[in-house]
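Heads up: the sequence lines are chains U and E, in that order. All residue numbers in the first sequence are consecutive under the working numbering, ending with 227. All residue numbers in the second sequence are consecutive under the working numbering, ending with 307.
Because the hints were derived from the structure by calculation, they are not lab data. Since the structure is predicted, the reported quantities are computational estimates derived from the model, not experimental observations.
One side only, chain U facing chain E, incomplete, derived with CB under 10 Å:
1. L50
2. A51
3. N76
4. T94
5. V107
6. A152
Pairs of lysine-lysine residues, derived as DSBU-like cross-links and limited to a Cα-Cα distance of at most 35 Å, are as follows:
7. K132/E x K55/E
8. K72/U x K303/E
9. K95/U x K10/E
10. K182/U x K47/U
Just so you know, even glycine gets a beta-carbon here, dropped at the ideal spot from N, CA and C.
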Amino acid sequence: MILFEDVTKFYPASEEPALHGVNLVIEPNEFVSIVGHSGAGKSTLLKLILAESAPDEGAVYFESKNIHDLPKRDLNILRRRMGTVFQDFRLLSTKTVYENIAFALEVAGVDNDTIESDVPYVLDLVDLKDKADAFPHELSGGQQQRVAIARAIVNQPDVLIADEPTGNLDPINTYEIVQILKKINELGTTVILTTHNKGVVEHIGGRVVTMDSGKIIRDDKSGKYIL
Amino acid sequence: MLVGLKRVFKYGFLGFLRNGFVSLATVLVMTIALFMIASSMYADAALKSVLNTLKSQVDINIYFTPETDEKDILSLKKSLESLSEVEEVRYLSREEVLSSFKERHKDDALTLQSLEEFGDNPFGATVAVKAKDPSQYESIAEFINSKMETLNKDKKIIDKINFTDSRKAIDTLNSIIQVSKKMALSLIAFLIMVAVLIVFNTIRLAVYTNKEEISVMKLVGASDWYVQGPFVVEGAIDGAVSAALTLAILYPLSVYLSEPSRNFLVSFDTLEYLQSNFLNIALVIFVVGILLGVVSSYLSVRKYLDV
Chain U
1 MILFEDVTKF
11 YPASEEPALH
21 GVNLVIEPNE
31 FVSIVGHSGA
41 GKSTLLKLIL
51 AESAPDEGAV
61 YFESKNIHDL
71 PKRDLNILRR
81 RMGTVFQDFR
91 LLSTKTVYEN
101 IAFALEVAGV
111 DNDTIESDVP
121 YVLDLVDLKD
131 KADAFPHELS
141 GGQQQRVAIA
151 RAIVNQPDVL
161 IADEPTGNLD
171 PINTYEIVQI
181 LKKINELGTT
191 VILTTHNKGV
201 VEHIGGRVVT
211 MDSGKIIRDD
221 KSGKYIL
Chain E
1 MLVGLKRVFK
11 YGFLGFLRNG
21 FVSLATVLVM
31 TIALFMIASS
41 MYADAALKSV
51 LNTLKSQVDI
61 NIYFTPETDE
71 KDILSLKKSL
81 ESLSEVEEVR
91 YLSREEVLSS
101 FKERHKDDAL
111 TLQSLEEFGD
121 NPFGATVAVK
131 AKDPSQYESI
141 AEFINSKMET
151 LNKDKKIIDK
161 INFTDSRKAI
171 DTLNSIIQVS
181 KKMALSLIAF
191 LIMVAVLIVF
201 NTIRLAVYTN
211 KEEISVMKLV
221 GASDWYVQGP
231 FVVEGAIDGA
241 VSAALTLAIL
251 YPLSVYLSEP
261 SRNFLVSFDT
271 LEYLQSNFLN
281 IALVIFVVGI
291 LLGVVSSYLS
301 VRKYLDV
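Pulled out of the complex, with its shape left as it was, chain U reads as follows:
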């Protein structure tokens, strides 16, 4: 469903490519963990899927469409089929928990009745029903990340992209987040996760893609965290 075809990406500040001839296929309903040192190219890989930046060579496909050739309108629609979770949560600070989650539905033009039934449902799923009217700064890191996950999954995306979602969390919160991600995957959503955390990868026990210096150096179907 997602296909990287010989993708190379340079950043202006560095001579070494951030990604170097990457080929990768991600199938529907997979749970893929991408591991590697800082600067290995994990985040760049995710940014290319989201079309936050464009590749210098090669192409990235979502189903049959080249993501970076899509007109703006179609890109917006494609992004509504992908949920995103970041290490730094990236919630909308002037919106309440409820509004943050509703926002993902509102941008897709979903009607109010659906929003009023779907948002409480996902809030329940991430166990934050009593925090609906709180603002992000009133929550702990683990709670904020659960709001971010709720926002990412509320419009039932095909793919959930999680960029080091546990990077800022303590072990207990990390465990909870991983449990939620596994549950989402079991419900039929493809999950792409980058992480530094050995425990997380081994707990998930799914496919592991290991990156180093912009290249994929290992791709195990039910891999372990080896660096």
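Once you've looked at the hints, dock chain E against the given chain U.
Relative to the frame of chain U, chain E by itself:
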């Protein structure tokens, strides 16, 4: 679309309320800017009215000899009135000149006594000519001069014309009017430009603090207008609130300055100006305020949409 529009307005209002401190700062800066624009409207009106008063005080006086036939004077008056440059011609008969002279010197016994010595009325009639524009006195004076030559051929009818005396004053006034108009215009243009830039910069900074959020909205799949909309609505609210605040300051200030302005400028009264031009001023202030907020927000957000 309609649902989207409703949400854009809702979040615009919420944004204005929730970013309380940023909104307050923006509104204050905008109020100062709009106040500057309102002040320049006042200044422009005051300058115009003062210049008009000065203009209306300039005229050409034609003094006739006492022996002149009233018929000749009235025919000259008529031909002067037919000139397109002439605003008004005022005729004072010999008797009127005498009585106004007496009135002016009623406390001066010596002068009145020497007037008695004449027995008869020693004054000739006068005609005062007012031009539509001070720059036109030159051509009117030329016309009178040529008339004078023909009229004075048989016997002296016109005693003197005071245009040459006041000519210097008229020239000076003319150049003062031109220069002050230009200066006022460029000062107003400059002030408005400064005000616009300050407002634009303030809103740009307010939007800059939301840079991250704009990129998150885009990554969640929001379209450009859905991201921009609430900011534009917020900008419009900033503008409208600032405009209301400006008018609220303008009224008591105009009341307070009413008397000083009348004392100092004679023909201009701040309160009277506000009362007779209130709709105009309110319209300008509101339109400028809202437009400024909307355009600044639109341009500021656009910069961060490319995600």
